[in-house]
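Each protein sequence line maps, in turn, to chains A and B. Just so we're aligned, residue 123 is where the first sequence starts under the working numbering, counting upward by one. Just so we're aligned, residue 43 is where the second sequence starts under the working numbering, counting upward by one.
In case anyone wonders, no lab produced these hints; they're calculated from the structure. Just so you know, these numbers come straight off a predicted model, no measurement behind them. It is possible that some hints are incorrect.
Taking lysine to aspartate or glutamate pairs in the DMTMM-like style, the calculated list, with each CA pair at most 20 Å apart, reads [unchecked claim]:
#1 Lys135(B) <-> Glu243(A)
#2 Lys68(B) <-> Asp89(B)
#3 Lys280(A) <-> Glu191(B)
#4 Lys280(A) <-> Asp196(B)
#5 Lys100(B) <-> Asp182(A)
#6 Lys280(A) <-> Glu98(B)
#7 Lys281(A) <-> Glu116(B)
#8 Lys206(B) <-> Glu116(B)
#9 Lys281(A) <-> Asp196(B)
#10 Lys242(A) <-> Asp119(B)
#11 Lys135(B) <-> Glu161(B)
If you anchor each label on the Cβ, the simulated ranges turn out as follows [stated by the list, open to error]:
#12 Gly47(B) <-> Asp283(A): 42 to 50 Å
#13 Cys168(A) <-> Gln95(B): 23 to 31 Å
#14 Gly187(A) <-> Ser217(B): 32 to 40 Å
#15 Gly244(A) <-> Ile60(B): 51 to 59 Å
#16 Asn200(B) <-> Ser158(A): 25 to 33 Å
#17 Phe107(B) <-> Val303(A): 37 to 45 Å
#18 Gly296(A) <-> Asp196(B): 23 to 31 Å
Selected chain A positions facing chain B (in silico; Cβ < 10 Å) [said to hold, decoys possible]:
#19 Ala233
#20 Cys234
#21 Ser236
#22 Val259
#23 Pro302
Even glycine gets a Cβ: it sits at the ideal position worked out from N, Cα and C.
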Amino acid sequence: MNEGLNKPEYEIPPEMKHSVAITTIDRIYNWSRRSSIWPMMFGLACCAIEMICTAASRFDLARFGMEVMRPSPRQSDLMLVSGTVTKKMIPQIVRLYNQMPEPKYVVAMGACASGGGPFKEGYNVVSGVDNYIPVDVYIPGCPPTPQALLNGLITLQKKIDTQSIRDVRWYKKGTSETIPVPVLGPDIMDPREYDLLRQYTFQKLNPENINQPSVAEQEKGS
Amino acid sequence: MDGIGIIKGLGVTLRRFIATYVDDIKWLGRRYYKEEGIQHRSSADTDGIFTVQYPEEKIPVPEEFRFIPFLVYEEKDDGSVFYRCTSCGICAKVCPTQCIWIVRTTDPRTGRPVPEPAEFYIDVDICMNCGFCAEYCPFDAIKMDHDYELAVYDRHANNIYDKKKLGKPVSYYASIRPTNYKREEELRAEAEALKAAKKTPAN
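Modelling step: build the complete structure from the supplied sequences, incorporating the hints.
So, in structure tokens, the structure goes:
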């Protein structure tokens with residue numbers, strides 16, 4: 123009998139200690155959920171290397187029931203944002219997050235995913251994935267070592283243990299809202315504006331050739 | 043002969059597999075849950091299973107391992123603490139990610155700066171653990187820590203470390219980096235001896 127399943131508030135008589143467990147629905151839910159978190163199999167940058175190392179035999183995520191890295195969001199419970207999230211990547215991340223079935227958790231691994239890291243002021247990097255999706259655990263470090271990542275995952279398990287069916291958002295009535303996928307706009311570059319941007323850059327480089335035809339027009343002409 | 047490499051490789055796997063069970067019997071019940079077992083596991087002559095049983099067993103980090111920086115303070119006999127940092131700001135200038143924020147102390151009467159930091163912040167969500175601050179600090183006041191278990195639920199509340207959270211005693215520094223500490227102390231003693239020798243002829 124797993125000791126973690128027993129609810130400590132209820133007294134079990136000593137002669138029945140090893141044959142009876144008194145527990146609550148919450149505890150069974152949380153115990154089973156936290157013992158089978160399947161992460162999504164994707165890596166974004168150098169943190170991914172540490173994540174791969176953690177999943178391999180030296181550190182072995184299987185000891186926490188996380189060995190099944192799913193290559194599909196439909197089958198995963200945990201999104202390990204392992205690395206720098208660029209502005210080009212964030213729409214895909216949000217879309218994947220929306221596609222994950224509930225209950226779902228997000229771990230921001232490393233400085234870049236949690237706060238932008240060394241690229242915080244960069245033109246192409248999102249300063250913190252938590253601006254777009256709710257993050258449960260942040261793991262500082264650049265990159266966090268496998269043991270630091272395991273510590274973060276244990277922290278996540280502890281968080282799951284404190285949750286209750288009554289107040290977690292995915293057990294409430296009605297459907298939960300999907301997070302709008304960020305559109306590449308003025309802050310996040312829009313690929314549809316590439317032509318305009320190219321023209322603008324060209325103007326800046328050669329001020330005398332202001333009426334340079336756009337690339338699309340050039341391609342049409344040739 | 044073809045395939046000899048495969049047989050050799052599988053032989054290694056088989057040997058490990060058997061050694062795991064032999065090790066299990068040899069260290070029955072005390073491998074991960076007793077101090078001696080953990081010590082044996084982290085030594086070079088451990089055998090069998092390769093996996094580190096993390097929360098119980100931790101791989102000892104090398105001395106030069108670096109994580110988030112910390113501020114070194116000296117404890118005086120009367121219990122007060124003295125930060126080695128003089129708020130010169132060299133660490134903040136060399137920091138490639140600019141994650142260090144220092145507020146200098148000024149003397150309220152004269153308005154002149156006092157060589158100690160009023161506030162010292164490091165944003166660990168930006169810090170990339172490069173160790174430049176520790177490398178450049180002329181007062182040995184900022185050093186790289188070994189503690190990596192820093193996962194939190196809320197980064198805005200917890201991940202900007204202030205002076206109090208960063209401060210750690212010299213004894214802690216000496217315990218995590220003994221050779222570096224010894225070398226620095228020797229250099230310091232040498233410099234002080236030189237200073238004293240210079241002073242003597244003038245008197």
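Out of the numbered hints, which ones does the structure contradict? Numbers 7, 10 and 23, in rising order.
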